[in-house]
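**Student:** Sequence:
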Amino acid sequence: HIMGLLSDGGVHSHEEQIHAMLEMAKERDCQEVYLHIFADGRDCGQKSAKKYIQTLEDKINEIGVGEIASVIGRYFSMDRDNRWARVRCAYELIARGKSKFIAKTALDAIDMAYERGETDEFIQSTTIKAPTKIRKGDVLIFMNYRADRARQITQAFADENFQGFSRGTFVPTQFICLTEYKKDFNLPVAYPSAKLNNVLGKYLSNLGMTQLRIAETEKYAHVTFFLNGGVERPFYGEDRVLVPSPDVATYDLQPEMSAFELTDELVEHIESQKYDLIICNFANTDMVGHSGKLDAAIKAVEAVDACLGIVYQAMNEINGEMLITADHGNVEQMVNPETGEVHTAHTNNLVPLLFVSTRAATIAEPGTGSLSDIAPTLLTMMDVEQPDEMTGTSLLTFE
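Per my numbering: the sequence shown = residues 91 to 489.
Just so you know, these hints were derived from the structure itself, not from any lab.
Just so you know, not all the hints are guaranteed correct.
As the list claims (entries may be wrong) - Here are the computed lysine-lysine pairs in the BS3-like style, where the Cα-Cα straight-line distance is at most 25 Å:
#, residue 1, residue 2
1, Lys140, Lys219
2, Lys285, Lys272
3, Lys116, Lys292
4, Lys273, Lys116
5, Lys140, Lys194
6, Lys149, Lys194
7, Lys137, Lys116
8, Lys292, Lys226
9, Lys190, Lys223
10, Lys226, Lys141
11, Lys116, Lys272
12, Lys149, Lys137
13, Lys292, Lys272
14, Lys292, Lys137
15, Lys149, Lys219
16, Lys273, Lys219
17, Lys285, Lys226
18, Lys140, Lys383
19, Lys292, Lys273
20, Lys137, Lys190
21, Lys141, Lys292
What the hints assert, rightly or not - Pair by pair, the computed Cβ-Cβ distance ranges are:
#, residue 1, residue 2, range
22, Glu322, Gln121, 35 to 41 Å
23, Asp473, Glu250, 35 to 41 Å
24, Pro262, Thr483, 18 to 24 Å
Beta carbons: idealized from backbone N, C-alpha and C, even for Gly.
Construct the complete structure from the given sequences, taking the supplied hints into account.
**Tutor:** Right, here's the structure in full:
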């Protein structure tokens, strides 16, 4: 069994890797290969699944191995906010062949979903032809490479002590992760994580400096696990604050999300003057941008703008400095200019870099920086020498 997100979005997976896994299955003379497809519609067009499925079907016909057994939207299979009812839909589809709908072909499954008014992300559980169940001893390979949205469904399949929902009789599988989703899963990993030395958090910790990581649930992993180079545990001197994300089906229903609660917590910690560095993530513009709803996206931007004003006042009162940026675009483009259709994916547009301070500084020319320059820039602001492992350069020069 091969499961994963099928698209060319490249954020959590890529279709070509699933094609490559089919090639490997053929090389290893695997006779029964079932594909469990997670439809995207978030990191690519909202209704683009058919082209990816057609390409996959062409690959299957070309090599003579594999068949698509099920289709479901990533909303269910890739939840990361402990919405276990969603994950259960995906688990029961893949593990037991239990679905809301049955289609003759995967392409028919997509057409049926569109007729129901669903976009790719929200396609309900659909089995293709006769239901396929996972049997004891079967191998299940998860082809997503990004950890945050891979963890919950991995737990459902591989954790003997799983408590998210009742699985009935647990059927153990040989579960293989493409990358390391979490160290304590103790599962086979095809591509183990590379160890990163002297990431920003570790470097500051070794210098005896204090730091805070704060975000709401949807972006908590980004300011902790990801920023720390895949390390789960906080470094010495690192505190963490998690503000729960709102319990809504999609964030266009509450565009402000938990930004104001997050801001209250953030201001309290700013006023404590306990930390040398605070790293905060506002999730709104990305999460609501993915909805494709322009009115909601505008409200999300307004909420973040209001919150940044509050944070600015708090930082100004303690004579602190701020660096405001993003790691990709999204909300600034809500319509595909070529097709006129709703745009829900990330963009490669340039992102803002705002330095807020009473100190005079020269900032690099627009378009010349990259993400690898952010940590060196922060170190420059803190008057801390940059370690050799950091290959970026500071985007600020102080007079």
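**Student:** Between Lys140 and Lys194, does the CA-CA distance stay at or below 25 Å?
**Tutor:** 15 Å, holds
**Student:** Next pair to validate is Lys226 with Lys141; report whether the Cα-Cα distance is within 25 Å.
**Tutor:** 33 Å, violated
**Student:** Regarding the pair Lys140 and Lys383, is the alpha-carbon distance no greater than 25 Å?
**Tutor:** Satisfied, since the Cα-Cα distance of roughly 23 Å is no more than 25 Å.
**Student:** Mind checking the alpha carbons of Lys149 and Lys137 for me, to see if they're no more than 25 Å apart?
**Tutor:** 21 Å, holds
**Student:** Given the hint that Lys190 pairs with Lys223, test it: the Cα-Cα distance must not exceed 25 Å.
**Tutor:** 15 Å, holds
**Student:** Given the hinted pair Lys273 and Lys219, is their Cα-Cα distance within 25 Å?
**Tutor:** 37 Å, violated
**Student:** Lys292 and Lys137 were given as a pair; does the straight-line alpha-carbon distance stay at or below 25 Å?
**Tutor:** 42 Å, violated
**Student:** Given the hint that Lys137 pairs with Lys190, test it: the Cα-Cα distance must not exceed 25 Å.
**Tutor:** 20 Å, holds
**Student:** Is the Cα-Cα distance between Lys149 and Lys194 25 Å or less?
**Tutor:** 19 Å, holds
**Student:** Taking 35 to 41 Å as the stated bounds, is the beta-carbon spacing between Glu322 and Gln121 within them?
**Tutor:** 39 Å, holds
**Student:** Keeping to a limit of 25 Å between CA atoms, is the pair of Lys137 and Lys116 held or broken?
**Tutor:** Roughly 30 Å between the alpha carbons, so the hint for Lys137 and Lys116 is violated.
**Student:** Has the given pair, Lys292 with Lys273, been kept, meaning a C-alpha gap of at most 25 Å?
**Tutor:** 18 Å, holds
Hint compliance for this structure: hints 3, 4, 7, 8, 10, 11, 14, 16, 17, 21, 23 and 24 are broken, all remaining hints hold.
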